[in-house]
Amino acid sequence: MSLLEIKGLTRRFGGLIAVNDFNIELGEHELVALIGPNGAGKTTVFNLISGFYQPSEGSISLMGKDTKGLRPHQVTAAGVARTFQGIRLWSEMNVLDNIRIAQHYRMGYSLMDCFLRTKNYMLREKAIDTIAWELLEAMDLKDCALELPRNLPYGVQRRVEIARAMSVKPSLLLLDEPAAGLNSADVEGLIKLVRWIYDTFPVTIWMIEHQMTVVMSLCSRIKVVDFGTTIADGTPEEIQSNPTVIKAYLGDDTI
Amino acid sequence: MQKHTVTIGLFAFIVIIVALSQFHVLDHYYTSVIMFMGVNVMLASSLNLVNGYMGEFSCGHGGFMCVGAYVSSLCTVLMFSKNQILGAPLLPPQMAFIGFPLALLAGSAAAAIAGLVVAIPSFKTRGDYLAIITLAANYIIISAINNMEIIGGPRGFMGMSATDRALRGVIDLPWMLIFVLLGTVLTVWLLRRFVSSTLGKGVPAICQDEIAAEIMSVDTNRMKLIAFMLSSGLAGLAGGLYAHVLGYVNPQSFDIMRSTEVMVMVYLGGMGSLSGAAIAAIVYTVLMEALRFLDVWKWVVIPLLLILLMQFRPEGLMGNKELSDLFPKLRKYYSFK
Chain A
25 MSLLEIKGLT RRFGGLIAVN DFNIELGEHE LVALIGPNGA GKTTVFNLIS
75 GFYQPSEGSI SLMGKDTKGL RPHQVTAAGV ARTFQGIRLW SEMNVLDNIR
125 IAQHYRMGYS LMDCFLRTKN YMLREKAIDT IAWELLEAMD LKDCALELPR
175 NLPYGVQRRV EIARAMSVKP SLLLLDEPAA GLNSADVEGL IKLVRWIYDT
225 FPVTIWMIEH QMTVVMSLCS RIKVVDFGTT IADGTPEEIQ SNPTVIKAYL
275 GDDTI
Chain B
82 MQKHTVTIGL FAFIVIIVAL SQFHVLDHYY TSVIMFMGVN VMLASSLNLV
132 NGYMGEFSCG HGGFMCVGAY VSSLCTVLMF SKNQILGAPL LPPQMAFIGF
182 PLALLAGSAA AAIAGLVVAI PSFKTRGDYL AIITLAANYI IISAINNMEI
232 IGGPRGFMGM SATDRALRGV IDLPWMLIFV LLGTVLTVWL LRRFVSSTLG
282 KGVPAICQDE IAAEIMSVDT NRMKLIAFML SSGLAGLAGG LYAHVLGYVN
332 PQSFDIMRST EVMVMVYLGG MGSLSGAAIA AIVYTVLMEA LRFLDVWKWV
382 VIPLLLILLM QFRPEGLMGN KELSDLFPKL RKYYSFK
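Here the protein sequences come in this chain order: A and B.
For the first sequence, this note's numbering assigns the number 279 to the last residue and increments by one with no breaks.
For the second sequence, this note's numbering assigns the number 418 to the last residue and increments by one with no breaks.
You may find that some hints are simply not true.
What the hints assert, rightly or not - So these bits of chain B aren't anywhere near chain A, every CB distance computed over 12 Å:
hint, residue
1, Thr86
2, Leu254
3, Ser334
As the list claims (entries may be wrong) - Distance ranges between label pairs, derived from CB positions:
hint, chain 1, residue 1, chain 2, residue 2, range
4, A, Arg174, B, Phe178, 43 to 53 Å
5, A, Ala101, B, Pro395, 30 to 40 Å
6, B, Glu230, A, Lys143, 44 to 54 Å
7, B, Val96, A, Lys143, 26 to 36 Å
8, A, Asp164, B, Pro182, 47 to 57 Å
9, B, Ile201, A, Gln264, 46 to 56 Å
10, A, Gly63, B, Val87, 54 to 64 Å
11, A, Lys92, B, Val382, 54 to 64 Å
12, B, Ile292, A, Arg219, 24 to 34 Å
13, B, Ile292, A, Gly51, 26 to 36 Å
These are computed hints drawn from the structure, not numbers from a lab.
These numbers were taken from a predicted model, which means no experiment stands behind them.
Virtual Cβ for every residue (Gly too), placed ideally from N, Cα, C.
Model the full structure from these sequences, guided by the hints.
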């Protein structure tokens with residue numbers, strides 16, 4: 025059974041067709057890229073998967089279960105974590121809290137437990153804390169655990185956002201332009217980080233990315249969309265030499 | 082030991098205040114000022130959960146206070162006082178020690194349910210629009226009570242002092258003072274436990290980025306429900322205590338003026354700060370009393386202070402900071418987060 029199966033996914037905003045008949049099947053432990061020119065509907069696909077939008081047509085199923093009607097937090101609980109194009113951390117709470125809050129879905133205690141500080145509460149909070157610290161340690165963020173995200177450099181904020189997504193323990197990690205706005209040293213670091221996550225955790229990573237160095241050095245499979253429609257799907261080598269892709273990116277050479 | 086310093090200190094403080102009042106070192110006036118301080122602390126800290134931590138603009142807090150005040154008053158009048166419509170007291174005065182807290186609980190439960198009127202629209206509505214809904218909720222509650230003749234309508238409702246008399250008849254202590262102080266401690270304690278837990282931190286997450294919160298596994302509807310119901314429930318508790326301190330309530334005392342007053346306290350103290358809201362409520366109560374000699378001019382001076390505050394310190398006295406952030410040495414004894 026595939027991890028994620030999208031069939032005939034279409035999303036219209038009024039007269040605009042943002043995503044048109046999009047199909048993909050992702051297995052477990054894959055590293056896939058979704059590329060395409062600006063406005064091609066890439067982020068909309070991610071928003072549809074994470075439940076932020078509902079599809080106009082078509083279906084998204086996660087481990088065989090249709091996600092129709094699920095609210096975003098329920099989709100996350102089912103194992104989909106994501107990062108955002110512009111960083112969306114909770115900027116007034118420290119890094120540790122950011123990572124704690126993302127574990128809301130498996131908190132496992134009630135409001136009463138919280139008021140009375142029951143044994144269950146203590147155990148659960150401790151488990152949340154342990155996971156958070158392990159992740160911070162592993163992702164080399166331990167030193168800034170108590171800093172506010174807005175005081176951190178952009179590259180580190182990206183890492184925090186990825187760490188926050190990983191604290192969900194996802195089976196599918198969606199990265200929306202992780203390299204946007206990073207300098208070349210940070211991009212190197214990002215490639216290493218994504219590679220490390222892929223090697224360490226049993227997770228399928230699907231990323232939207234414009235920087236071809238990132239895509240080419242990480243992904244074994246690339247899907248190209250333009251105007252909401254898939255125009256190519258294949259290995260990096262196939263994509264690089266695909267005339268339709270070149271046309272979409274560089275335009276037609278007939279004048 | 083250090084962990085318990087604050088708890089012990091707090092209870093020692095309560096005992097001292099009660100003793101001072103019992104032996105008439107604090108006269109009736111000072112005792113009631115202290116009680117109003119307590120009620121104001123409860124109101125400000127509960128509103129702070131919505132306006133401060135969650136970043137919504139709720140301006141109908143007086144309405145929920147009103148529900149709590151009327152429901153708990155009805156309960157105690159039914160139980161312990163002779164009333165023309167509701168008849169002779171149902172229970173002997175000794176039962177007041179159980180009956181009164183239960184009545185307060187009933188009042189806050191009713192207020193929490195009234196909080197649903199605001200909580201459910203908040204799933205879809207935000208900001209200014211939600212503020213208008215809270216305002217409407219306040220008006221609905223006040224007009225409903227104004228039109229209920231059985232509980233006095235606009236003339237108000239009385240008979241709550243019978244509960245105080247019943248309690249005092251059994252053991253002669255300033256019971257209302259004790260209940261108000263305990264209620265205040267309970268309110269701040271519950272709120273602190275809530276906002277310092279991972280569950281409670283979902284509330285500021287909604288304030289700072291609601292979309293990120295919803296997508297990163299926070300059930301925002303549930304959090305809003307909890308925040309609004311907890312906030313209005315605690316306002317109801319404050320209302321119940323207020324009614325029994327005064328012995329008389331009328332709908333006008335819970336109108337938009339009251340809600341504004343509570344908002345002023347929250348913005349004075351700084352949003353998202355437990356200690357800030359409590360300190361501001363105390364400062365505000367003292368200020369209101371101290372400026373009594375100014376008469377009507379009080380209503381020029383206090384708003385003017387607010388204007389200056391917003392101009393020079395818009396985040397309030399302690400916006401998003403706790404006492405332990407300002408005085409790190411306090412952290413040894415107590416951390417608010």
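Now the hints, each set against the structure:
no.: 1; hint: Thr86; verdict: holds, 18 Å
no.: 2; hint: Leu254; verdict: holds, 28 Å
no.: 3; hint: Ser334; verdict: holds, 30 Å
no.: 4; hint: A:Arg174 to B:Phe178: 43 to 53 Å; verdict: holds, 52 Å
no.: 5; hint: A:Ala101 to B:Pro395: 30 to 40 Å; verdict: holds, 38 Å
no.: 6; hint: B:Glu230 to A:Lys143: 44 to 54 Å; verdict: holds, 51 Å
no.: 7; hint: B:Val96 to A:Lys143: 26 to 36 Å; verdict: holds, 31 Å
no.: 8; hint: A:Asp164 to B:Pro182: 47 to 57 Å; verdict: holds, 53 Å
no.: 9; hint: B:Ile201 to A:Gln264: 46 to 56 Å; verdict: holds, 54 Å
no.: 10; hint: A:Gly63 to B:Val87: 54 to 64 Å; verdict: holds, 57 Å
no.: 11; hint: A:Lys92 to B:Val382: 54 to 64 Å; verdict: holds, 60 Å
no.: 12; hint: B:Ile292 to A:Arg219: 24 to 34 Å; verdict: holds, 29 Å
no.: 13; hint: B:Ile292 to A:Gly51: 26 to 36 Å; verdict: holds, 29 Å
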